Amino acid sequence: AQSVTQLGSHVSVSEGALVLLRCNYSSSVPPYLFWYVQYPNQGLQLLLKYTSAATLVKGINGFEAEFKKSETSFHLTKPSAHMSDAAEYFCAVSEGTGRRALTFGSGTRLQVQP
Amino acid sequence: DARVTQTPRDKVTEMGQEVTMRCQPILGHNTVFWYRQTMMQGLELLAYFRNRAPLDDSGMPKDRFSAEMPDATLATLKIQPSEPRDSAVYFCASGLSPGADLSYNEQFFGPGTRLTVL
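If you're matching them up, the sequences are chains A and B in order. Here the first sequence stands for residues 9 to 122, where the numbers follow our numbering. Here the second sequence stands for residues 3 to 120, where the numbers follow our numbering.
Hints are not guaranteed to be accurate.
A few chain A positions that, by computed beta-carbon distances, are all more than 12 Å from chain B [said to hold, decoys possible]:
| # | residue |
| --- | --- |
| 1 | 17 |
| 2 | 25 |
| 3 | 30 |
| 4 | 32 |
| 5 | 46 |
| 6 | 51 |
| 7 | 109 |
| 8 | 121 |
If the Cβ cut is set under 7 Å, some of the chain B residues that face chain A in the computed set are [stated by the list, open to error]:
| # | residue |
| --- | --- |
| 9 | 42 |
| 10 | 45 |
| 11 | 50 |
| 12 | 59 |
| 13 | 63 |
| 14 | 67 |
| 15 | 93 |
| 16 | 112 |
| 17 | 113 |
| 18 | 114 |
In case anyone wonders, no lab produced these hints; they're calculated from the structure. Quick caveat, the model's predicted, so the values are computed rather than measured. Here a beta-carbon is modelled for each residue, glycine too, at the ideal position from N, C-alpha and C.
So that you can see chain A by itself, here it is in the shape it has in the complex (with noise of 0.2 Å):
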């Protein structure tokens, strides 16, 4: 079976500081890991995917996530915040093979100061 752990529910960081958004998953096979954002009042946007190619993965808006197996981790992490990155940000497994859709983490909220 699949799951998602985000460590964290609210995390806040300083303008201009790096964000670390933390996620583990647990999966039977290989997985695929997905990070999506959510602006207030909206739907879910893919950030990035991991699809088995290279473990360091780029997204949008400057932001990156790297595969490590033997953590069983895929971290998120931008080296500089915005204020435009205030978010809810939500990690995402599927397992490698099947049917089966997305599992998603319970999210964490971003807050970032001025």
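Got chain A sorted already, so can you dock chain B onto it with the hints?
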């Protein structure tokens, strides 16, 4: 600019009433997903379809919820009768899956329907 549309955006109804939410997937997409989002439970997958056929609706309360795709351009989610615990934001997402494996395909989300059951 192709996007998933959902109607209505907001719905307030009384307990016991029927609620129908509609979703228009992106033209050409062949997979449709219904999710429910609440503060307590987060994002829950209710049901999903591929080529209009239901693949999994195990996340949906069967006694009151039903999901259908009358045609490739319309997906519906019905609740009858509605209850206050159904209050949530319901999202529809669509994607393109050339095969039965849905695992690596991006899902495009609609703006959601905010349902309040009094």
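So which hints don't hold here, by number, going up?
1, 5, 6, 7, 9, 12, 13 and 14
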